[in-house]
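If you read the protein sequences in the order shown, they are chains A and B.
When you line the first sequence up against the numbering used here, it's residues 1 to 108, in that order.
When you line the second sequence up against the numbering used here, it's residues 1 to 218, in that order.
Check each hint, because a few of them may be wrong.
What the hints assert, rightly or not - Coverage of chain B stretches by chain A, computed from C-beta distances (three or more under 8 Å per stretch; other residues unrestricted):
1. 34-40
2. 47-53
3. 61-67
4. 115-121
5. 145-156
6. 174-185
Unchecked claim - Restraint ranges, calculated between C-beta atoms of paired labels, are given here:
7. A:G90 with B:Q87: 28 to 34 Å
8. A:S50 with B:R35: 34 to 40 Å
9. A:G90 with B:S21: 48 to 54 Å
10. A:A87 with B:M207: 38 to 44 Å
11. A:T62 with B:D130: 49 to 55 Å
12. B:I90 with A:L38: 40 to 46 Å
Stated by the list, open to error - Quick list of in silico lysine to aspartate or glutamate cross-link-like pairs, EDC-like style, CA-CA up to 16 Å:
13. B:K11 with A:D41
14. B:K11 with A:D98
15. B:K113 with B:D130
16. B:K18 with A:D37
17. B:K113 with B:E55
What the hints contain is simulated information worked out from the structure, not anything from laboratory work.
These numbers were taken from a predicted model, which means no experiment stands behind them.
The beta carbon of each residue, even a glycine, is placed where N, CA and C say it ideally should be.
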Amino acid sequence: MTLDEITRALLLDASRIATQVTDAEWYLFGSVLRSADLAADIDVLVLCNSHEDVTHVRASLTDRCVSLPLHLFLVTRQEERELGFIAGQGCMRIYPLDFPPVSDYYSG
Amino acid sequence: MPEESAEWTGKWAAQRLKEHSEVRAVEVLAPQVLRITRTQLRPVVVSTIASARVEASTVNALLGTRQDIEFIANIPRESLWTGDAIQAAIRHRAAWGSFRDLFSATADENPNKWENREFAFFERVLRQHDRVTNVEREFDRKYVVRREALPSVSVVLLNEYDLTADHVRTARDRYGRFDIVFHSNPNGGITSDATDAAESLGAHVYMLSDLLRQLNRP
Numbered sequence: 001m002t003l004d005e006i007t008r009a010l011l012l013d014a015s016r017i018a019t020q021v022t023d024a025e026w027y028l029f030g031s032v033l034r035s036a037d038l039a040a041d042i043d044v045l046v047l048c049n050s051h052e053d054v055t056h057v058r059a060s061l062t063d064r065c066v067s068l069p070l071h072l073f074l075v076t077r078q079e080e081r082e083l084g085f086i087a088g089q090g091c092m093r094i095y096p097l098d099f100p101p102v103s104d105y106y107s108g
Numbered sequence: 001m002p003e004e005s006a007e008w009t010g011k012w013a014a015q016r017l018k019e020h021s022e023v024r025a026v027e028v029l030a031p032q033v034l035r036i037t038r039t040q041l042r043p044v045v046v047s048t049i050a051s052a053r054v055e056a057s058t059v060n061a062l063l064g065t066r067q068d069i070e071f072i073a074n075i076p077r078e079s080l081w082t083g084d085a086i087q088a089a090i091r092h093r094a095a096w097g098s099f100r101d102l103f104s105a106t107a108d109e110n111p112n113k114w115e116n117r118e119f120a121f122f123e124r125v126l127r128q129h130d131r132v133t134n135v136e137r138e139f140d141r142k143y144v145v146r147r148e149a150l151p152s153v154s155v156v157l158l159n160e161y162d163l164t165a166d167h168v169r170t171a172r173d174r175y176g177r178f179d180i181v182f183h184s185n186p187n188g189g190i191t192s193d194a195t196d197a198a199e200s201l202g203a204h205v206y207m208l209s210d211l212l213r214q215l216n217r218p
């Protein structure tokens with residue numbers, strides 16, 4: 001699969017789940033960004049408002065995780081403030097694309 | 001033979017194995033069975049599966065029909081192997097693991113004897129601990145540790161770089177109740193919510209040195 005194909009598949013999931021989980025942001029990171037054809041797995045970060053949202057996202061991706069080798073990193077905004085993972089790992093946001101930059105999370 | 005929904009895994013793995021420095025060629029013998037021709041070492045036959053939970057029945061079905069398979073790689077990352085599935089693979093003299101494990105095993109002289117370094121290290125540490133009398137593996141990432149004059153404890157290994165509450169709660173869903181989360185990746189962090197989630201489940205998160213000390217305590 002190419003990076004475009006992977007992104008399109010995940011956008012379908014993100015759009016579907018957005019009806020239940022509002023304000024979630026989806027990112028790709030790791031080796032899939034360097035070489036999607038050779039990556040051992042697909043690192044996906046989903047930033048959520050709450051642990052309830054995280055639980056819903058994980059449950060909603062159960063089938064996708066068997067048809068694609070997704071490696072999920074599901075975090076709340078509170079946890080991301082502690083980790084600074086998104087900025088530190090060069091994550092690429094894939095959903096939504098019309099949203100304020102991630103640096104906004106660290107200023108508040 | 002493996003279920004139809006996993007047929008994508010053979011081609012997926014073959015494409016990546018071809019880039020391995022020790023690999024000369026990869027032939028797809030069946031949708032989930034590959035023969036890897038290596039540059040310096042003997043050829044090896046491996047199988048790929050796609051299961052959220054690998055059971056002994058899957059392993060027995062696969063290795064019962066093809067005795068030449070030396071490694072079973074479960075491609076989905078969000079998955080687990082039951083202890084019975086692991087024992088079934090061992091009985092058939094096959095190694096087991098993820099695609100990353102298969103990639104590493106491909107450079108090994110005998111891929112069927114390959115062991116994941118994280119698990120091998122953990123088991124060695126337990127064997128050498130004075131308080132530990134026996135170790136039973138319930139799942140790929142869950143062990144029950146029997147101790148001299150102290151109650152047994154169940155330990156789940158999580159190797160995520162940064163450990164979050166979701167990792168801890170997902171481990172509970174997958175492996176059932178546990179006493180200890182061993183964060184086996186020494187480089188990352190543990191969020192406050194991950195620590196809180198473990199405590200709410202009646203468990204504690206430890207790095208290696210704290211785990212070893214804890215094994216001496218009630």
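Against the structure, the hints come out as follows:
no., hint, verdict
1, 34-40, "violated (count 0)"
2, 47-53, "holds (count 3)"
3, 61-67, "violated (count 0)"
4, 115-121, "violated (count 0)"
5, 145-156, "violated (count 0)"
6, 174-185, "violated (count 0)"
7, A:G90 with B:Q87: 28 to 34 Å, "41 Å, violated"
8, A:S50 with B:R35: 34 to 40 Å, "49 Å, violated"
9, A:G90 with B:S21: 48 to 54 Å, "27 Å, violated"
10, A:A87 with B:M207: 38 to 44 Å, "25 Å, violated"
11, A:T62 with B:D130: 49 to 55 Å, "42 Å, violated"
12, B:I90 with A:L38: 40 to 46 Å, "30 Å, violated"
13, B:K11 with A:D41, "14 Å, holds"
14, B:K11 with A:D98, "36 Å, violated"
15, B:K113 with B:D130, "28 Å, violated"
16, B:K18 with A:D37, "11 Å, holds"
17, B:K113 with B:E55, "20 Å, violated"
Going through the hint list in order, the structure does not satisfy hints 1, 3, 4, 5, 6, 7, 8, 9, 10, 11, 12, 14, 15, 17.
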